[in-house]
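Novice: Each chain, written out:
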Amino acid sequence: MSIQETLNNAFTKWMEGEGPEARIVISSRVRLARNLAGQLFPHLMSQETGQAVVRLVQDAIADPAVREKLGPLFYAPLNDLSLLERQILMEKHLISPQHAQDEQAPRGVILRPDEAVSIMVNEEDHLRVQVLLPAFQLEAAWRMANLVDDVLESKLDFAFDEQYGYLSCCPTNVGTGLRASVMMHLPALAMTNQASGVFTALSKVGFVVRGFYGEGTEAKGNLFQVSNQLTLGLSEIEILDRLMTVSRQVIEQEQMGRRSLMKERPSQIEDMVFRAYGILTNARLLNSEETMFYLSCLRLGIDLGLLHNVSNRTLNELLVRTRAAYLQGDNKGAMDAFNRSLKRAAIIRKALAPDPGAQNNRSGPESLT
Amino acid sequence: MNCEECKQRPATVHLTKIFNNQKTELHLCEECAKHHDDIPFNLSFSMEPNFSIQKFLAGLLESVTVSASDAGSTSAGNGAGSAPASGYSPGVEDPDEAAEEALAAAPHCSNCGMTYSQFERIGRFGCSQCYQSFAGQFEPLLRRVQGNSRHTGKAPLRTGENLGYKREIEQLRQELQAAISAEAYERAAALRDQIHALEGKLSSEK
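So the protein lines, in turn, are chains A and B. Just so we're aligned: 307 in our numbering is position 307 of the first sequence, and the numbers increase by one with no gaps anywhere. Just so we're aligned: 68 in our numbering is position 68 of the second sequence, and the numbers increase by one with no gaps anywhere.
One or more hints might be untrue.
Claimed, not checked - In silico PhoX-like pairs for lysine-lysine, Cα to Cα no more than 25 Å straight-line:
{"hint": "1", "chain 1": "B", "residue 1": "Lys201", "chain 2": "A", "residue 2": "Lys155"}
{"hint": "2", "chain 1": "A", "residue 1": "Lys155", "chain 2": "B", "residue 2": "Lys7"}
{"hint": "3", "chain 1": "A", "residue 1": "Lys263", "chain 2": "A", "residue 2": "Lys13"}
{"hint": "4", "chain 1": "A", "residue 1": "Lys13", "chain 2": "A", "residue 2": "Lys69"}
{"hint": "5", "chain 1": "B", "residue 1": "Lys166", "chain 2": "B", "residue 2": "Lys201"}
{"hint": "6", "chain 1": "B", "residue 1": "Lys7", "chain 2": "B", "residue 2": "Lys23"}
{"hint": "7", "chain 1": "B", "residue 1": "Lys23", "chain 2": "A", "residue 2": "Lys263"}
{"hint": "8", "chain 1": "A", "residue 1": "Lys204", "chain 2": "A", "residue 2": "Lys69"}
What the hints assert, rightly or not - To give an idea of the chain A side of the interface with chain B (calculated C-beta under 7 Å), a few residues:
{"hint": "9", "residue": "Ala140"}
{"hint": "10", "residue": "Trp142"}
{"hint": "11", "residue": "Met144"}
{"hint": "12", "residue": "Leu156"}
{"hint": "13", "residue": "Phe160"}
{"hint": "14", "residue": "Gly165"}
{"hint": "15", "residue": "Cys169"}
{"hint": "16", "residue": "Leu232"}
Since the hints were derived computationally from the structure, they do not count as laboratory data. No experiment lies behind these values; they were computed from the predicted model shown. Note that beta-carbon positions come from the ideal geometry of N, C-alpha and C, so glycine has one too.
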């Protein structure tokens, strides 16, 4: 397993598209912020101190006792990767946008071969342990993250304070260091203009709603990430319980919304789904924003039983395969918006073709039939 | 086909309306569609204005500083702050180096050198020790940001054990003081040995 495989392969664990509440919940994520006691936080690090932290962490994951409990993990230094390659990791949600952008201190990512566990090294905190699973599996994600934390803690001296808990670089993460999030597809709430009401209610009880790529990103394609705002004062279990409770409520609202849309405007919904299908299977140029929107329509169509020959897994994979950096991966960058739109449309046509095998040897114009 | 409303952008939203058997068609660009009354449900949804943690935090810090310092200057504010400054006492810094005076006047972390005003600017600490260095000033902020200032969740196993020893040592030290005050020297000697034994465990844990 190498970082090249990770870069070349769009598919990653969270895209499976199956599991509890998979019709609405795309993925569940748990991340723990951890720092090494006494070491400068990454934003103040020199090359040497940064490298020292990397070495400590590398030693920890190479330890036989750690490997025995967590299985093989491999470390990839991000400083050796191009910005484009780092963006691909970001598009797969394996690292944060900030971690992809940052050029300073020595930094990296530790991955489990199935990519369900990724540990960012020297992001805002020394370590950010992330577990990302498909569908609504917060508890399983927490159990895994907790195990990784326990095992790493036996090798590394984490900064912990009796009163403040795990000490993080930014006080918004102190305490548990836990950020749990649920990525949901909420087209009905968005279409019926209920989303902002629901999100305002969520913010009042300590939850934030973000876009597909987290903090500071817009919600495209009706994908929303709900996560806990507070990290101190509640135990990890309490935080997860609350998030699961509010997520279930959002899921229920969305289900009700879908039912009433189908009841009240069946033709419009069908039109929207099949129009999107028509465009995605025929268009020659697709920009990223419209792609996100049409993919959302297809996802809704699958759930409403309108589309049968497309799977959520295909759609999840397309979400990443049609992103700017991933599209340019083969070309080593230098692809303008026009050529990206061209390639994006081609990838989608191929992925959605009724019989992918028959499509392989055919070129564009012939598939017009 | 261009948008019927603005006549500039390409029409990407196509609406067919059937009302009293009267069919009308509407072709709009996404921008105009967002604001159009005839769209029964809005297809595109824009999130509420982006929430910036750093900005938000800076705002909170400002209000904390203002409420904690009536006299105006930051260091005066610390002395007069509602929360007692436990780890830091302004004015007792060694004034050996004149150049350091400005820094000494501002509270700073002895491990990484970050000052509280630097923290206020960037909203991030310099190292884990900053939490102790700025405990006094930072508590009101923590309560504002987190609504709480006490961790109740998981603790690292090793630290958890050490914490237990530390608490026990503290308890024994208090008993030792009491024993000395009461001139119960035999008891004091026994307590001292116990403390030494526990301290030995502590350092061997590290």
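Novice: Going through the earlier hints one by one, which of them does the structure break, listed in rising order?
Specialist: Hints 2, 3, 8, 9, 10, 11 and 12 are the ones this structure does not satisfy, whereas the remaining hints hold.
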